[in-house]
Structure formats: C-alpha cells, structure tokens
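In case you want the letters, here they are:
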Amino acid sequence: MDFDLSEEQRLLKESIDGLLTDAYDFDARKKYMKEKGGWSKALWGKLAEQGLLGLPFAETDGGFGAGAVETMIVMEALGKALVVEPYLATVVVAGGFLRHGGSAEQKAKYIPGIIDGSKTFGFAQLEKNSRYDLFDVVTTAKKKGSGWVIDGEKFVVLNGENADTLIVTARTKGGQRDKTGIGVFLVPADAKGVTRKGYPTQDGLHAADITFTNVEVGADAAIGDPENGLPLIERVADEARTALCAEAVGAMDQSLKDTVEYIKTRKQFGVAIGSFQSLQHRAADMFVALEQARSMSMFATMASDFSDAKERSSAVAAAKVQVGKSLKFVGQQSIQLHGGIGMTMEAKIGHYFKRLTMIENTLGDTDYHLRRVSEGGGLLA
Amino acid sequence: MDLAFTKEEIAFREEVREFFKNNVPPETRRKLQEGRHLSKDEMVTWWRILNKKGWGVTHWPKEFGGTGWTTVQHYIFNEELQSYPAPQPLAFGVSMVGPVIYTFGNERQKKEYLPRIANVDDWWCQGFSEPGSGSDLASLKTTAERRGDKWIINGQKTWTTLAQHADMIFCLCRTDKNAKKQMGISFIVFSMKSKGVTVRPIQTIDGGHEVNEVFFDDVEVPYENLIGEENKGWDYAKFLLGNERTGIARVGVSKERLRRIRALASKVESGGRPVIEDPAFREKLTACEIELKALELTQLRVVADEGKHGKGKPNPASSVLKIKGSEIQQTTTELLMEIIGPFAAPYDEHGDAGSNESMDWTAQIAPSYFNNRKVSIYGGSNEIQRNIISKAVLGL
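Sequence lines, in order, name chains A and B.
For the first sequence, numbering that gives the first Met the number 0 begins at 0 and goes up steadily by one.
For the second sequence, numbering that gives the first Met the number 0 begins at 0 and goes up steadily by one.
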C-alpha cells in the first residue's frame, strides 16, 4: 500500500505544473478561448512537445506506456489551470477506445495524429433521451456492402465542433435500451451527411450537436465488435469518469486555495474576514470535502487495475458520487466566501464553479452513480 | 501508488482474524454487535487474553511490551478488532497515560505502572475535563498544592469515563496559579481509592452510566506521583491528545455496523417488502458506505504517510478523520433507527435486556442512537477540529 508518486511521476507532475504556470494563467486562458475554435493550437502543440498527448499509449504505438496514475496527475493539473483544450475528448476518450478496442490498422492510422497534436477527436454518445445510460442508443448503423450507414442525432459532443474524427455509438441491432447490438464507429467529421452545430459551453469549452444523415463509412470504421460494443464503451467511460474526478480534484484544490487567500486579504469591519469563525469553519468543511474527494479520485485511479469489471465500475461510480458531492459544496462555498466579486465573470473563482458544475453532469451525475452503486448491492460487499 | 497490501500484510490479517475467531468470548462479541454495555469483568477478561498473546499494548516500544509492528500492521489490527467486533484496549491506560509514562516518566514509574496498565491490573481513568473547562481545557481549576512530600488535591473533574471501575486516575492539576494558564499545570497520577475521592454517576440520555463526576476533597498524593516536570503538564496533555490519530476514525466500527444494517434491513419488512428493497433507504445506506470508503482511504493515506515519513508532529489530517468518522458513526445509528421504526420506542431502564423477546435485537438501537451524539463532542469537539484545520492547514 503506497500513496506516494514514483520519481518519474513526480517529474511528470513538476513538468506539467511548470508548463501551465508559465503558459496558462487566467489571462492566457481568456486569450486562448478567443482563438478560432475556442482553444489554443499553440498550447496543444506544447503539450504534444512535452509528450503529454502520448502518455497512455503503448510504446509500440509511439506512446510512453503510462498508466492511470499519470492520467490522474495530468488531469489534476488541467483542472487547477482550468484548461479548455480537448485532452479528455482526444487523449482519454478517443485514446481509450483505440487502446482498448482498436485494431492494429486503426491504431496505426489514428494514434500518431493524437500524439503529435495534429488531430483531435469528439465522442458522439449523448442522445436526446439517453441521458446517462450508455446503452440507450437510437442512432443506427446499418450494414451496406462491407461498410456501414449511420443515421441519428447526437448532442453536446465535447470538442465536436473542432474534432477531425468523431467516435460514434450506434445501434446495429435490437431496440433502444438493449445492452447488446451497439457498435462504436470512427467517422471523419467532414464525411458527407455529417452536420455540426457548434457552440460554447457554460464552462468555456466547446461542443456541438451533430446530425448524421446517411453517413457511409467502411468496414474498418468499427472499433471492436459492432454488435457488442457496450463493455468497451463502459470501460472507456469509466476511464473518462476517473479522469474527470481527478480534474475536479485539481479544480477544487485551487478553488479552495484561492478562496482561503481571498478571505485572508479581504477586509471588513477593519479585519480580514478570514478571522471570523463562521468563515473559518466553512473553509475547514471545504477542506474535508476536498480530501474525501481526493481519496476517492485515487481509489478510482487505482481501481483501473482491478481485474473484476463490476468491482472496477462500482469503485468509479462511488468516486463520482463523492466527487460530485464535494465539488458542489466546494464550488458553491467558494462563491459564497468571495461574496459579490465571486458573482462576476471577471473573477476566476466563478469559472471553477462552472467547470465543476459541468463535470458533475458529464457521464453520470451524483444521483445516477449513487443509484448504480446502490442497485449493484452497495460498496461494502 | 498502489492499493494492494503485501503478501505478508495479508497473512498478518488472516492471523489476527483467526485469533479473534478463536479467542473473543462469543457473548462479548454479541453484546458489542447489539450495542450493549459490557461488564467490567467481560472487558478485563478479554484484555488479559490479548495481553497474554502479546497484543495488549501493540504500539508501545518493544522494551515495554510493544510489538514493533509497522503502521500498516497497526492499522490492520485495529480495523479487524473494530469490525470483528471485539472490545478495544482501554484507551485511558494503553493509549493515553501509558505513552506519557514511558516518554516522560522516571524509571520507577515505568516499572511500577506500565506492566499493570498492559495487564489491566489497574483500570485507569482520565481527569481532564471540568465543569467549567470543556473545549477550553487549559482553564481548569483543580489544584494540587505542594505540602512537604505530598500534593494536596482539591477540585472537581467531570465526564470521567468509567471512573466507577477505575483504580487509578491521571489528572491535570493547577500547580502555579500565577503562571499563564497553560504554564501552571502539572500531570499527576494517583489512586482512586485515596481518601477524599468521590465518584458520582452521570446518567446520559440513553439511560446508560458511562461517565461520572469526580470530586477531590483534600486528597493526599505522594509528591513522586508527579509525571515529568512540574508545570509542564500541558505539554504532556497535548502529546497525549496528539497520539490518538488514525484510530479516531473508527472505520472498523462503522464497517461492522453497516454490515449489520444490511443484514437487518433484509430481514425487517416495511410496505410488504424488506426495508433494503426500498430505494430511498438503500440509497441512503449506499451513500454512507461511499462516505466510509472515502474515509478509509483518507485514513490509509495518513497511515501510509506516517509509515514512510515517521510520526513526527500530529498530522492535521487526523481532524478530518475525527469529523468524518464521527459523522459516519452517527449516520449508521440513524439508519438503524430507520430500520426498526416504531419498535424503537420501548425503553428498558436497566439497559441490558430487550423488553420484547421477539424483537430483542432492537432493544439497544434507540439508546445507541442517543448515545452516539457524543462522538462529535468528545475528543475535541468537531468544532474544535474545524478550528485546528483552519489554523494548522489553511493558515487562517
């Protein structure tokens, strides 16, 4: 049992923290968000240069063969700096599909573009009525010759507006809520029949609603078994949730630090407001919430090694519950303790709150995951 | 980072588990599971079994009977002990006064007191809190006045846990009235059988008798019963309170109770089905299990950190353990109350038997719920813990 980072992991943490301290203060972030597409290609290039986009890929695929702990380190740092670039969509999610389900040809075709920063991805999963159930899929993929024809509508596809390639879940068989008959497909974003309506999200990222009309792709577009893709989807979703937990811990950590700093300096009644016990106790409770979330983020990260898929999945769901509860408390109270200034777009603190809020509603919220753990027989067994 | 225990640690857990299975008296275990009070005999019997095995004072230095275990082994032992469940060693002797004596006491005191603490030949109680000194402990008023080779002790202590069983007390007494309040306190130990000591029971809201008031009326104590230096008692008290770190979360206790809740909720019916099948109840239970898992991990982080970097000064993270640990313990007793619902009502003044044979197991649920309100008050109230976090961690 060991919670310390290895020497290499410590170096990784120093390197990404250093990069973001230099290149990603709040003003830089505002500048990046105004660039075309809403994020900085130059910054993305720097992440590629430092090898951060290639971390989780096998060395034989040109990557560094890093594990879940390294992803946790990176996501925490991205959370602290409120990074808007599409690391989750591209490296964690698309990278996850390719690593766990991709054929040798697919890996060779797509992974180098991720690692060198030239290509980004979007995960087209959410549908109008699917909400958080990954198996609830109406979009269809019908066999045509050796390839597939995809029809349907997907919503809030993160980085969907800018992505070069979309990873689309589509039904090859069965009814809307059947757990089999779901496939995962690689679709070029500029394919004929793909219509994207892009928009900024509440937290300063970019997403798109995407319509697929008679979109034809080849046989090589399917990742894994097109009739039984759910286990792959769940596995990748669990990795994405774990990454989101780490990002939230980073954001909460900085949100609390900034709040504590603020109440130490803000004066009212002639004294720093941080000298008032009601505020001190609130800040202490925020610290408790943060540490509980940090523990569960580590738990989910280490659970990626669990051999039992059900156990792994329930650990991740439990982490998402704890992180969801903690982020709501830390996010809301950060605004409260900042007072009026916390309500302004100009202050950074509100942006943590907004990102944290969006994280809760991505890939299953607190209630959703609580129900999952509960229906699975609890966490103690 | 790695969650897994080593092969040796897993084998150790098995050894501990096996020992409890073969040696904890079944009646003692059953009473603990049902939240009942144990008699003095039942507790002492078990502690002597533990001590005979060499596990009475596990964390003490080896020369005084300790085991030399790693922090992880201590963690495993405590967790197994709490979740079996078996009675935990008497904290007042083993965790509190023992370490003060072997750290600050003289040779005579070590030789005289330590073996008797380990074997519970003396039952110790703690003379800290006073009616006017709760969270503000340093304001205490009990005095020890030097007269020749004796101390003359006068004053009153309160919340003295299980003083009715006690042979010895360790006591914070004011020995210099003119010094700043933390500076004039000494740490003195003496026999509860001394002339002038009176113990008066306090009945708590659950109907139980755990705590007492203790009065000192010109109690004569040999001067040599002073531990360490005169007027340095506050330092020893801080040392003593800082020693209690990871055990305070009582993760094992809550684990055992959550297991019991699942079992009972599968048996008791409500609305024509077992309570466990009510999604609202089950989600509350699951939420509590998740909180506990997070706490367990937080505790393991502290344990691993101490194992690696030494114990050093008290880790402020232990305040997190106290706050969350107490909240979770309280939640578990609330869940038990929800399961039994209206059958919580019957009150048995004598505490130890169910009023209704067929619902015998329900007898202690309401008292245990009432009694557990104490856990966020004692050992430094949760508000004091928040003060510690805000000062020591956040720098406010």
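Keep in mind the hints are simulated off the structure, nothing from the lab.
Check the hints yourself; a few may be wrong.
[Said to hold, decoys possible] One-sided excerpt, in silico: chain B residues whose CB lies under 10 Å from chain A:
no., residue
1, N230
2, V392
3, L393
Predicted, not measured: the structure shown is a model, and the values here were computed from it.
Note that the Cβ used here is the ideal one computed from N, Cα and C, for glycine as well.
Here is how each hint holds up against the structure:
Restraint check, B/N230 versus chain A: the minimum CB separation of about 30 Å is more than 10 Å; hint violated. Of the supplied interface hints, the one on B/V392 holds, with its beta-carbon coming within about 6 Å of a beta-carbon of chain A, less than 10 Å. Checking B/L393 against chain A by beta carbon gives a least distance of about 5 Å; that is within 10 Å, so the hint holds.
Checked against the numbered hints given earlier, the structure breaks only hint 1 and satisfies all the rest.
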